[in-house]
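Peer 1: Residues per chain, in single letters:
There are 2 protein chains.
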Amino acid sequence: MRIALDAMGSDLGAAEMVAGAWQAVTESDLEVTLFGDEKILAPLVSAYSGPGARRLSIVPTTEVVGMAESPIEAVRRKRDSSIVVAFEHLKLRKVAAVVSAGNSGATMAAAVRSLGRLPGISRPGIASVFPTLKKPVVMMDVGANVDCRPKHLFQFGVMAASFSTVILGIDRPRVGVLSIGEEQGKGNSLVKKTDDLFRRSSLNYIGNIEGGDTFKGDVDVIVCDGFVGNVCLKISEGLAEALTGLLRIEINKSLWAKIGYLFARSAFISFKKRIDYADYGGAPLLGLNGTGIVCHGRSNAKAIKNAIFVAGELVQNKVNDRILELLPDDETLPAEEVAGDDDSLSGAG
Amino acid sequence: MRIALDAMGSDLGAAEMVAGAWQAVTESDLEVTLFGDEKILAPLVSAYSGPGARRLSIVPTTEVVGMAESPIEAVRRKRDSSIVVAFEHLKLRKVAAVVSAGNSGATMAAAVRSLGRLPGISRPGIASVFPTLKKPVVMMDVGANVDCRPKHLFQFGVMAASFSTVILGIDRPRVGVLSIGEEQGKGNSLVKKTDDLFRRSSLNYIGNIEGGDTFKGDVDVIVCDGFVGNVCLKISEGLAEALTGLLRIEINKSLWAKIGYLFARSAFISFKKRIDYADYGGAPLLGLNGTGIVCHGRSNAKAIKNAIFVAGELVQNKVNDRILELLPDDETLPAEEVAGDDDSLSGAG
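Protein sequence lines correspond, in order, to chains A and B.
Under my numbering, the residues of the first sequence are numbered 1 to 349, in order.
Under my numbering, the residues of the second sequence are numbered 1 to 349, in order.
It is possible that part of the hints are untrue.
Claimed, not checked - Some chain B residues near chain A, calculated using beta-carbon distances under 8 Å:
no., residue
1, TYR48
2, GLY212
3, VAL231
Think of the hints as simulated: they come from the structure by calculation, not from any bench.
We put the beta carbon where it would ideally sit given N, CA and C, even for glycine.
Isolated chain A (complex conformation) (with noise of 0.2 Å):
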């Protein structure tokens, strides 16, 4: 199987992008085929030898798209941008799936217009995984969509409930709706709206989850609009960051805390490796024909190899079909409910 990777447009250069398909070639037998400018990224592929060097190969792109260009603008403009020509080497079947760490809002745009959406689904959107106390749980949409409709949440539900089967191995993952109070009919018109469509699904319906429930582990598939979700990415990430600065800056204040870092110092790098994000292979975008991920702007070699085995586990363990079985399974619903064509990508991410 031969796995895409865009390997411009990320924050840390392309070096980064090749070392992670360096490693993903070398941990499996996965092909990886890079895009972007041949110049650059020849020399450093050719830096590596061994037995996976002949599973690494390049198409060479000229364009690339900057994180803050206009996604749908820039994908329409730049035709051989390492985005734009990875998505159509996707759609033409000469790769299974296409990993990028550019900008996530050209991606699927790109995405959707090279792949186009499953049947019945109306707005692909981004999914992520956060680490929790238990298990990892799957929030949906993150960034892609951010005006919703009460079929686009369910929508998010039945994507993100297969994604959760398949990779994270959740037989019927609890799937909740993000709201500001556990019981039925707190919400705003959204989340009331979509509560019903829920209870009448075959999914393994929880009810409404508070922001507070996201890392406790006790849901597994948290649904909320793009615009909620990307916020909700955002903040944890900020938290997470400032928490950890001003622990550092308390320990620093002092000589006998510094020593007792020292001493604890092997809990402090297994804290830091349950909330790496880069274990978590990035962010899937669902409800397309075909499979993508878009990664962390700042992903490591380790996250983009991560991302690329993940790519390879959507497409071996076909999650699209796992999509399409749930999706007709809710026959209950007002079909102008669950399916359908819609305006397609608001947002950004």
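Mind docking chain B on chain A? Use the hints.
Peer 2: Leaving out everything else, chain B in the frame of chain A:
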């Protein structure tokens, strides 16, 4: 100055509330009147003696609004509940402000019912103070109004900026709207429509901010609807708990780490102190014709004491006059977007 304290309905019970009231009267010149069941309160109060004792008094009430009760319904029905009677006393100017750690939706409903709104304010809301790496930041709304229009968000900005000036001493607070990208034009339709109102105002508006900026301390006031704000508040509390829990688990795994923790203990205590919500004195209800504060249900005595102090400062420094000053400054705004009556209170906390 006399502050009313709703002594019923908190998670930790009346003894903790009375202890907080006692700390407040001994550490300041304030008087505190406790509202609640006299049979419970009288013995608790009489256990304290000293110069502060005659500044503690009780107004007996017979009913309590529970945490799970429907706010508007409960306030309408339970006329002799501690929270309703406390706000009735404020309406009659027998007390200067009300503090409660009970059902926050009911506190807001009782406040609106007894006091009414400030002229020009469509929707009173709940502000919350977050610690950051620099100065604390005020977020509003965090739960009272779940479905908002642009003018509501604008007014939250005016009210929270007034609070920031009066309580946190920030002269021209930087006001940002919570969105999913810093560039103008990023966000959902509500946020996009709100941008223009702020740009045309006299506030120190810095545009969109992202969730990740919340804890950096480069913005003083964060504006959002009550659904998003409540999710942010709860997810932050949940993550802080999960992270400290994880760290504890990792430290307990090894003897060396436990020894290290003992050396570093003072750093951990300072760290905990810096993120302790008890220091921030609860969440003010802003936009009312009067002053109310709702505290976390699990507030300890120290948190109650600080909330009583903040209530006193809000009255003394005339936060409501400041709000009224800031509102008419914005004469360039279309009148119908800035002021005017509105459908009140839609959510809960």
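Peer 1: Does each hint hold? Answer for all of them.
Peer 2: Do the hints match the structure? See the list:
A least Cβ separation of about 34 Å between TYR48(B) and chain A goes past the 8 Å threshold, and the interface hint is therefore violated. Given hint, GLY212(B) at the interface with chain A, holds; its Cβ is 4 Å from that chain's nearest Cβ, closer than 8 Å. For VAL231(B), the interface hint holds, since its Cβ comes within 8 Å of a Cβ in chain A; the closest pair sits about 4 Å apart.
Of the hints listed earlier, the one the structure fails to meet is number 1.
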